[in-house]
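Novice: First to last, the protein sequences are chains A and B.
Just so we're aligned, residue 1 is where the first sequence starts under our numbering, counting upward by one.
Just so we're aligned, residue 1001 is where the second sequence starts under our numbering, counting upward by one.
Honestly, the hints are just simulated from the structure, not real lab data.
Treat the hints loosely; a few may be bogus.
Label pairs and their calculated CB-CB ranges [as the list claims (entries may be wrong)]:
(1) B:1077 to A:190: 53 to 61 Å
(2) B:1102 to A:255: 41 to 49 Å
(3) B:1134 to A:22: 31 to 39 Å
(4) A:180 to B:1033: 26 to 34 Å
(5) A:114 to B:1229: 36 to 44 Å
(6) A:180 to B:1073: 51 to 59 Å
(7) B:1123 to A:117: 52 to 60 Å
(8) A:144 to B:1144: 53 to 61 Å
Think of the CB as a built atom: it goes at the ideal place given N, C-alpha and C, for glycine as much as any other residue.
Take a look at the letters that make up each chain.
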Amino acid sequence: MSVVLAVARKELRDAVSSSWLILYAVLFTALALALSYLGERNLGSVGFENFSRTTASVLNLCLLLAPLAALSLGAGAIAGERDRGSLTYLLSQPLNRWELLLGKFAGLSASIALATVAGFGAAGVFIAFFASSLDVGTYLMLIVLVLALVCVMTGLGLVASVVSATRVQALGLALLIWFIAVFVFDLLLIGMVSATSLGGGGLMLALLANPVEIVRVLAIIHLEPDLQILGPFGSYVMERAGTGGATAILSVALAAWMIVPVALAAWLFEIREA
Amino acid sequence: MAFRPPDTEGHTSVAQDEGASILRVAGLSKRYGRVQVLDGVTFDVRAGSVVALLGANGAGKTTTLKCILGVVPFEGAVEVAGISVTGHGKDARRQMGYVPQSPALGEGDTCAEALAFLAEIKGVAKGRVPELLELVNLASQTATKVGHLSGGMRQRLALAAALLANPPLLLLDEPTASLDIESRRDLQQLILRLRDEGKTVILSTHFFDHLDEVADRALILHEGRLAFDGSLDDLARRARGNRYVVNLNGNAPAEFLEALRAAGVAPENVQRAELRWEEILLASTQGREQGEEQS
């Protein structure tokens, strides 16, 4: 375990000192603050609804930027070492491949989480200051959900990194995953629902197949369980399982998404040539 | 630059009896796509010896080292201090220190940070870092970023990293490639000191200056096969064969040839050629190629 911690600490140190992560943190914080400000100004002080709508805006920003940052950094983790010629040297040290991969996963997730929490935290302070009410528990839960999504996307980025020959290739693959998860997935499924007879089970599976959608629905269930906002997949799971059941199903699915990509990346890393 | 011998503090590796086999390589084969890089290479290395791994570019030297480290998959068996590299790679790598041809340590780290990270990975106290930096004469560069070091300094830093856990076996891939003459000489002295302390060194190199003073044994790889395994003296003897240097006593070559044709002029002085190690290696592999063609 000490090897995993050593690698994680180094990744965190490297990431924190990299201009890439600083840019992400600054951009995210600025946008989160801007959204909070605009939300407060446009909606005025109308109590909890104000908090929910403003928070939902910040959450949407998170669901856009955090996966991009996590996928990009994850994609560079192994492929970048391969490009620099340092992967062989690292693997010549007394460590197991899975330890190197897990260390990178932990360090990168932690670094993106720090930057995300900084942005989310700044927006939270702003909302708390200006909004007439702030549900701290819900806000913290949203942060946890976004951090879970960061872990999922870092894991997927690592898969892209392991299977790619170069860093550029890995980044391309990561961007493709991001584009599909954030933009294309919903449209694709809506098209499939219309074109095929995708039943309730199919709808449920479709929801569980996209971690961004899982986090979005989980967040909205606790922010404002309005069936219209939840979208077709969220509405279906709420109607079938209720708030508690839906939360349980989606949480388990999210937990699986946090584990499976990292495990897959570790397995692929083990069997592939360095 | 003056290397100092390391002390044995922080020794974490398996103790080896001098003379016992520390490395066993059996039937080692490696293929990259369609290219057979190594083909059934077999050798043992006894503890406390310095072995020169020689061969032309692409002969398979670096691949052999990577297989020994268990970094790439291969066919055959490799055991380090009795530990299978394929079965227990992490434990086997604890017995080895590796200096790659182009060391790629963390560019953004200082020398001290780079070594501290590797010390943590190897489970060695970070207190050894200043001592190792001094050993390779990089104490003055402790706070210098690795990215700002010259190629020679990087190789010395990688050597310090390889010695962190005081392993019994050192694999040095072209360790002198970026070193100046003085540093090269100092490295040779350090290798000898390490051998005297019972360490085993496998040295893959193109620079053969004073090779016979450093290495006890040579392994020559040629087209992925072991073409020679023996002492440096044997290697030199074989390569010299019937080669002679003819001193012409001031005669121009044309006149000399004319005189030979007339069979009237004999060379004044004939002596055995003193070949450089590069020439010896070349002669050894050429001889093998000719033999293969004839058979």
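Novice: For every hint, state whether the structure bears it out.
Specialist: Each hint, compared with the structure:
1. Evaluation of the 53 to 61 Å hint for residue 1077 of chain B and residue 190 of chain A yields a pass: the beta carbon distance comes to about 57 Å.
2. The given range of 41 to 49 Å is respected by residue 1102 of chain B and residue 255 of chain A, whose C-beta atoms sit roughly 42 Å from each other.
3. For residue 1134 of chain B and residue 22 of chain A, the hinted distance range of 31 to 39 Å is satisfied, since their beta carbons lie about 35 Å from each other.
4. Between residue 180 of chain A and residue 1033 of chain B the beta carbons are some 32 Å apart, a value that agrees with the proposed interval 26 to 34 Å.
5. Under the hint 36 to 44 Å, the C-beta atoms of residue 114 of chain A and residue 1229 of chain B, about 55 Å apart, miss the expected range.
6. One distance hint, 51 to 59 Å for the beta-carbon pair residue 180 of chain A and residue 1073 of chain B, is violated here, with the actual separation near 33 Å.
7. Range check, residue 1123 of chain B to residue 117 of chain A: Cβ separation about 32 Å, and the 52 to 60 Å hint is violated.
8. For the pair residue 144 of chain A and residue 1144 of chain B, the supplied restraint of 53 to 61 Å is violated, since their beta-carbon distance comes to about 42 Å.
When each numbered hint is compared with the structure, violations occur for hints 5, 6, 7 and 8.
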